[in-house]
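Work the whole structure out from these sequences, hints included.
According to full-length UniProt numbering, the sequence shown is numbered sequentially starting from 1.
Everything labelled a hint here was simulated from the structure, so no lab data went into it.
A portion of the hints provided could be inaccurate.
What the hints assert, rightly or not - PhoX-like mimics (lysine-lysine), calculated; alpha carbons at most 20 Å apart, straight line:
{"#": "1", "residue 1": "Lys82", "residue 2": "Lys101"}
{"#": "2", "residue 1": "Lys121", "residue 2": "Lys40"}
{"#": "3", "residue 1": "Lys102", "residue 2": "Lys40"}
{"#": "4", "residue 1": "Lys17", "residue 2": "Lys121"}
{"#": "5", "residue 1": "Lys82", "residue 2": "Lys121"}
{"#": "6", "residue 1": "Lys131", "residue 2": "Lys86"}
{"#": "7", "residue 1": "Lys102", "residue 2": "Lys17"}
{"#": "8", "residue 1": "Lys41", "residue 2": "Lys121"}
{"#": "9", "residue 1": "Lys102", "residue 2": "Lys65"}
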Amino acid sequence: MANSVEIEYSSNMEQVKTHINAMCVEKVTAASIHLQNQVKKNLTGSRSGKQYKIPHTSRKYTASKPGEAPAVRTGDLLNSIKYNVKRSQSEVLGAVGSDLKKAIWLETGTSHMEARPFLLKTFEKERRELKRMMGGQ
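What follows is the structure in structure tokens.
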């Protein structure tokens, strides 16, 4: 045929998938770091609970009252707040938290202590910003 046109189709679907996956990891990582920073920020500052003498010093320490984020005394809880991003074939998950046992005790309370929530409270406060960072409205 003298007047023919050849059409060639080349799919770039794999590159598109790779780009979307990288973008998802980037957004989840940024949101996780933001949440980690906000949790740490909420753990710092003054509290309004009881005052205690710090053992072996002349200094006093103001504890948090029930419902407030825990007060920082030693810094171990503050320093234990980490983020983690896990990626599978179908999803990207970001998590922020602590592996210290006392973190869950403070977050939810015990039979002898009322809760001093700091993780869920921070997440709720930052929900709109996290959604915006992920590309939502």
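To see whether the hints hold, each was checked on the structure:
1. Lys82 / Lys101: 14 Å, holds
2. Lys121 / Lys40: 12 Å, holds
3. Lys102 / Lys40: 16 Å, holds
4. Lys17 / Lys121: Violated. Lys17 to Lys121 sits at ~35 Å, over the 20 Å cutoff.
5. Lys82 / Lys121: 17 Å, holds
6. Lys131 / Lys86: 18 Å, holds
7. Lys102 / Lys17: Distance ~41 Å between Lys102 and Lys17 Cα, so the pair is violated.
8. Lys41 / Lys121: 12 Å, holds
9. Lys102 / Lys65: Within the cut-off at roughly 16 Å; holds.
This entry does not satisfy hints 4, 7, going by the numbered hints stated previously.
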